[in-house]
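Colleague: Assemble the whole structure, with the sequences as input and the hints as a guide.
Chain residues, written in single-letter form:
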Amino acid sequence: MPDEPRPPGEGLWRRLTEAQNVALAAEELARPDNPDSLDHPDGRVRAARIGAPSFGRPVRRVSPGRLAGAVAAVAVAAAALFLLIPRQPAGRLRVQVGSAAEEAVAAVPSLVADAQADLPLRFSDGSAVTFRAGSAGRLESLTASGSEIVLERGALTAHVVHALTTAWVVRAGPYRVRVTGTRFAVSWRAGRLDLSLFEGSVIVDGSVLGAGVPLTAGRRLTVASGVVRIEPFQAAGPPPRVAQQGRGQNDRLNDQRDGAPAPSARSTDTGEEAPRDEAPSPGGSKALALGDGPRARDALSRLAGEPGSSGAFMTDEPRSATSPTSPTSREGASEDTTGASRPGHPRSPRPGVRAARAGDESWLALAEDRHYSEALAAARRLGWSNLCRHLDAHRLLTLADVARYSGARAPARRAFESLARRFPHDRLAGDAVFSLGRMAFEAGHPAEAARWFRRYGADWPNGPLADEAAGRLVESAIRLQDTKAARAAAHAYLARAPHGAQASLARGVLTDSTDGAP
Amino acid sequence: MDRILRIVPAPAPVEASTDAADDERLVAALKQRQPQAFETLIHRHGAHLRRVLTRVLGAHDTEQADVMQEVAMSAWQGIGSLTDARALKAWLTQIAVFTARGVIRRRRRGRWLALLGEVPDRPLPWAGPDLQEAARAVYAIFDRMPVDERIPFALRMLDGLDLEATAQACGMSLATVRRRLVRAERRFQKLARGHEVLEPWLREGQP
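Chains A and B, in that order, are what the protein sequence lines are. So for the first sequence, our numbering puts the first residue at 14; every next one is plus one. So for the second sequence, our numbering puts the first residue at 173; every next one is plus one.
Just so you know, the hints here were simulated from the structure itself, not pulled from any lab data. Among the hints, a few may not be true.
Said to hold, decoys possible - Beyond 10 Å from chain B on every Cβ pair, some chain A residues (computed):
no., residue
1, Asp127
2, Ser238
3, Thr524
What the hints assert, rightly or not - Part of the chain A face toward chain B, derived, beta carbon under 8 Å:
no., residue
4, Leu37
5, Leu106
6, Gly147
7, Gly219
Claimed, not checked - Label-pair restraints from in silico Cβ distances:
no., chain 1, residue 1, chain 2, residue 2, range
8, A, Arg402, B, Pro207, 48 to 54 Å
9, B, Gly250, A, Ser375, 56 to 62 Å
10, A, Arg166, B, Leu363, 34 to 40 Å
11, A, Thr524, B, Arg197, 29 to 35 Å
12, A, Asn475, B, Glu196, 19 to 25 Å
13, B, Ser253, A, Pro511, 45 to 51 Å
14, B, Gly250, A, His504, 22 to 28 Å
15, B, Arg351, A, Ser386, 51 to 57 Å
16, A, Ala149, B, Leu363, 52 to 58 Å
For each residue, glycine too, the CB sits at the ideal point set by N, CA and C.
Modeller: Encoded structure:
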């Protein structure tokens, strides 16, 4: 058509289109049950499928050596692509409801927690969901990568173990919480939604929330009578990391995965406190009355967009800061810590530990009261390096947690590194090493993450996080597009955890790299 | 967020035929809320929807799986409004476009937020560094364009849709989409002019 706009720089658009086609084709190929769905008209995509480099680069004079190098690079990249694409685990998740077996689930259309006791659901990937006493809901669906849970009334807490294909949905009234791997508590009572996010991130949509509101760790979302409120709950602090006697091994391991804090004294099983109804901290939240429809959503976005607000949307924290990379349950890593835990403290020093040579421990008192930002400021006034040099292992770990809970990643990393360096044989150092790996991974440094996870596996092969570290090592290698390392890590993972949360991923790596490697 | 959300169920091993009769049966099954039909829908049209989203949002977009899920859920929830089953693919395309538009607007509203601004790119290892840079630059410019210009422009330039198909996908009249494409081209050229990465491409077709 003569009146159609002519593409500016046709070469750019053509090559960009071709690169996208290759990406799409590779993604389709990576779907194991859809091997022949390359129906795109561009036949050059098919060439890319077998690693051929001829997907439409413009004519350009290149030396044979460079051409060969390019061919090899593209072939390797194409093979690596197979590793980049997440895939569905092979089998459906299994679930145990309370003490009942999996089979009971289908026969129970509605799950009703006893008025006096919680109803825990344990999933085969290590995830756990607990209907709080008096709550009701149902397990809508159970797939290979997650579950859809409907909360009809009451409250539930969830700890979803992250894997590349994790896909969970919790529905509460008209709202939907989409989850990849996180810990949160949600309640739905009398038309009021209350969601507290302890770890990770979720998207909540439905009704006045429109297409979705992202929520990051440390935030609480409430929706009631058209009023949306998002606020930090740091003032009250996340569920404290204290050990709880009498919990099962599975519970502890679940908590250790993805750094779930151990439960507080008032929590049960999965370890989270249910959302509380206390008033938000002054100045710490923003609320807006909303109706439905575009105006409401615009208003919601304005709420998100007002500079200078201290509302939950209004964070100047880096993203990573709002996603605590909580390392572990320390109680599993240290007998000392277990014996010294105190409610309201991320990791309490054992009794009798000498005061840090840094002297002033006001930061520690603030941390005990869960005023983490203030604790961080107080610790910084003492000199972070000074504290890192002189504190004992327990205090160092507490110091790192204080920084992490306050969203200060760099100081947290320094504290963890000091612990790992100064107390290399202490069991708490294992927590620090794993935490460093997680932080590096989530910051987009897979090579560094791999080093930490490798070290954890080498130094604490039977540690409580050894399986998790092995799985993270697989993910790191994938992120690095290192086929060889990914295969090795996958073999190692399957050898130690053939039914673990990352077993499907590991098998996929082995299968794909066998089929697709040049 | 570097985690990839995938809620769309794994495609079922069903016939992949895409003729109209199959689509009519599929739509009927979807309206009867048969779960298997949803899987068939994704199996049959998922690749097409992913391609539309890739054109509009970019292959580097880490949230594409989330958006794809939104599209699938919208289709599932809104299938009752589809009166002509033979138009299933076009209807799905519109949903994908509208969903992507919502995502772009949502991001635009919250772009200053650190929590949304630090989403890492998904690298394009199959492309050379020059092309990767160019892709990022193109989508960075797209981000500065009005969404109703950006989307038809992306579909036109990257998916090679003709005017009619572009108009249909965007839910615009032919005249409107033509006008917006002209504006979009001018705007893109203006924004790309003098751009360190894109200038050589636009001048010579390669860096």
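Colleague: Each of the hints needs a verdict: does it hold here or not?
Modeller: A quick look at each hint next to the structure:
1. For A/Asp127, the shortest C-beta to C-beta distance to chain B comes to about 31 Å, beyond the 10 Å cut-off, and the non-interface label holds.
2. With a closest Cβ-Cβ approach of about 24 Å to chain B, A/Ser238 is found to remain outside the 10 Å limit, as its non-interface label requires.
3. At roughly 15 Å, the least C-beta separation between A/Thr524 and chain B is larger than 10 Å, which holds for a residue marked as non-interface.
4. The interface hint given for A/Leu37 holds, since its Cβ lies 5 Å from the closest Cβ of chain B, which is under the 8 Å cut-off.
5. Interface hint status for A/Leu106: violated, as the beta-carbon distance to the closest one in chain B is roughly 13 Å, over 8 Å.
6. Annotation: A/Gly147 was flagged as interfacial toward chain B, and the flag is violated, the nearest CB pair being 29 Å apart, outside 8 Å.
7. With 8 Å as the threshold, the beta carbon of A/Gly219 stays out of range of chain B, its nearest partner Cβ sitting at about 11 Å, so the hint is violated.
8. About 60 Å separates the C-beta atoms of A/Arg402 and B/Pro207, a value inconsistent with the hinted range of 48 to 54 Å.
9. For the hinted restraint 56 to 62 Å between B/Gly250 and A/Ser375, the CB-CB distance of approximately 58 Å keeps it satisfied.
10. Taking 34 to 40 Å as the suggested C-beta distance range, the pair A/Arg166 and B/Leu363 does not conform, at roughly 52 Å.
11. A beta carbon spacing of about 33 Å between A/Thr524 and B/Arg197 agrees with the range 29 to 35 Å that was offered as a hint.
12. Between A/Asn475 and B/Glu196 the beta carbon distance is about 59 Å. The supplied range of 19 to 25 Å is therefore violated.
13. Roughly 47 Å separates the CB atoms of B/Ser253 and A/Pro511, a value that falls within the hinted 45 to 51 Å.
14. Taking 22 to 28 Å as the suggested C-beta distance range, the pair B/Gly250 and A/His504 does not conform, at roughly 46 Å.
15. Remark: the range hint 51 to 57 Å for B/Arg351 to A/Ser386 is upheld by a beta-carbon distance near 52 Å.
16. Range check, A/Ala149 to B/Leu363: about 55 Å between beta-carbon atoms, so the 52 to 58 Å window is met.
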